[in-house]
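Trainee: Sequence:
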Amino acid sequence: MQVKCVRAYCTEVVEEAKEIPPDPAFAQGLSLDAFEHCVKALQGRLAEQRAPAAAELLSRALAVLAVAEGEGAALEAEALEAPKASEEATEEAQPPDGARKPEDSMQDQENIAPQATKPAKKGKKRLSVAETEWSFSYFKSETGLQFLMDTGMLDPDSKPRQASVVKEKRARPPPPPPPRTPWNPRLVGEPMEEPEKEASPENRAEEEDEEVEDGWPGAGFGGNEFGALPEEANQPQFFHPAQRVPIMAVQDEAPFGPHPDKKGPTWDVYGEPRGPKGKISQAYVGVNTDYMEVEGATGRKTNTAALAHKRSHVKGLGDNHMLVEVMPGACRFGPLRQGSLYRMSVYVRNLEVDVTRFNVKPPESKLVNVKWQPGHLAPGMATKLTVEVLALEPARIEQLLEVHTKAHVIRVPITARIVGAEEYDRLDAESMALHGRRIGRHREKSETHKPGPVQLITEPSYCKKVMGPTWQPPPVEFDDLPATELLR
1 MQVKCVRAYC
11 TEVVEEAKEI
21 PPDPAFAQGL
31 SLDAFEHCVK
41 ALQGRLAEQR
51 APAAAELLSR
61 ALAVLAVAEG
71 EGAALEAEAL
81 EAPKASEEAT
91 EEAQPPDGAR
101 KPEDSMQDQE
111 NIAPQATKPA
121 KKGKKRLSVA
131 ETEWSFSYFK
141 SETGLQFLMD
151 TGMLDPDSKP
161 RQASVVKEKR
171 ARPPPPPPPR
181 TPWNPRLVGE
191 PMEEPEKEAS
201 PENRAEEEDE
211 EVEDGWPGAG
221 FGGNEFGALP
231 EEANQPQFFH
241 PAQRVPIMAV
251 QDEAPFGPHP
261 DKKGPTWDVY
271 GEPRGPKGKI
281 SQAYVGVNTD
291 YMEVEGATGR
301 KTNTAALAHK
311 RSHVKGLGDN
321 HMLVEVMPGA
331 CRFGPLRQGS
341 LYRMSVYVRN
351 LEVDVTRFNV
361 KPPESKLVNV
371 KWQPGHLAPG
381 MATKLTVEVL
391 ALEPARIEQL
401 LEVHTKAHVI
411 RVPITARIVG
421 AEEYDRLDAE
431 SMALHGRRIG
441 RHREKSETHK
451 PGPVQLITEP
461 SYCKKVMGPT
471 WQPPPVEFDD
481 LPATELLR
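The UniProt record's numbering numbers the first residue of the sequence shown as 1 and each following residue consecutively.
Quick caveat, the hints were computed from the structure, so don't treat them as lab data. Take the hints with a grain of salt, since some may be wrong.
Unchecked claim - Using 27 angstroms as the maximum straight-line C-alpha spacing, the simulated DSSO-like pairs for lysine-lysine come out as follows: (1) K406 with K384; (2) K361 with K371; (3) K169 with K140; (4) K263 with K277; (5) K167 with K84; (6) K277 with K262; (7) K371 with K384; (8) K406 with K361; (9) K445 with K371; (10) K406 with K263; (11) K384 with K279; (12) K406 with K277; (13) K262 with K371.
Assemble the whole structure, with the sequences as input and the hints as a guide.
Mentor: Here it is, written out as structure tokens:
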């Protein structure tokens, strides 16, 4: 047995490794998916594409306009041909005069095949110029939608709102002045009224002509009056009825000039003009939140028909927002002489419809003393608070007097300037010599010669009890001394 050995020579194919070039610097470390790669490619193409010029845009718009006009003309032609085709179809469907009608025999009606009516060609919908190339719509933009919302046209069921017409606010004309009568004469100080212009002779002649023309209906024809016979010129007239007096309203003649005894509110009882009123100081008013939060909900209220228009939780007689009135609103003592005692009164009035209580918190100062009578305060009644200033030493006083009620916290400022006795006398003499008046509010007098708001207490027993040895009696005949002696 012979064995043949075949020696196979296998050739191995060795592939040489190719070197891959490295990525550029801008692409190293950049990982993109398919979508992001597509977006980047589109952005690059958009950046390379040049912007269209004005001539190109104009040519595109003209081309689109020509296409739209051609389609519009075709639609109009089809619309005109459609009614003609329908008329021809109806004429062909009608039988001739000699033919039998289908109503003669039911069998003929069954044998006759129904004629298929050709449906009318539907024309193409005309596209606007904007829809063919650009898809911008004003009423789909933010400005258009805002316009639809403002005018109420966004909802098809609602009626469109009318444009708001801004009307000019015209001032109401002043009322006409009342006619002047003996019971309503012109007052002292009122301006003179312009006299009415008398009618000129020409205007009077025209008015007379109009009266003559409007006399009776036949006056314009030159004929006689109705019911009157022609009379001869020389024939005497025995009876002529008198004319009827016209009915007119009685007009009283107003006296010329102002009434000497009747004057307006700008004059006082002495016949002199009133001066300008001074400003009244007002206290600082705040809301008592502690009382309103704790006891306001359970407080007793007066609910009557007379108070139906008032507020439910705070009801007052005058102002709905004020239950207490404090007058005056500030205590200004001015310059004070050391060693004297001064007094000023403050009145607290209840404006509520129910009995109320109040509490006074005096200032923490040895120079100010406050006295009052605690208790209930009936509606409409007032109580007095006495504020005393003890001029013990030269100082400047600026304190607050607090009055607590169930709805308000009222703070009344107290101000004063205490000056030494010698300095006070010198300032008083200097003011008397220069201005002819003395300093100190305790010397003030009202227009009716009533004492002023500040009082000087001169009772020795009371002053010694309150101030002790620091009290000094005022100088004898202090108000009668001349300025020359005071300067010495």
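Trainee: Please go over all the hints and tell whether each is borne out by the structure.
Mentor: Each hint tested on the structure:
1. K406 with K384: The hint holds at about 19 angstroms.
2. K361 with K371: Holds, because 11 angstroms separates the two Cα atoms, which is no more than 27 angstroms.
3. K169 with K140: violated (38 angstroms)
4. K263 with K277: holds (19 angstroms)
5. K167 with K84: violated (57 angstroms)
6. K277 with K262: With Cα atoms ~22 angstroms apart, K277 and K262 stay inside 27 angstroms; holds.
7. K371 with K384: Roughly 9 angstroms separates the two Cα atoms, so the pair holds.
8. K406 with K361: holds (14 angstroms)
9. K445 with K371: holds (25 angstroms)
10. K406 with K263: violated (46 angstroms)
11. K384 with K279: holds (22 angstroms)
12. K406 with K277: This hinted pair is violated, its Cα atoms lying about 33 angstroms apart.
13. K262 with K371: Violated. K262 to K371 sits at ~47 angstroms, over the 27 angstroms cutoff.
The structure fails hints 3, 5, 10, 12 and 13 (numbered hints given earlier, in ascending order).
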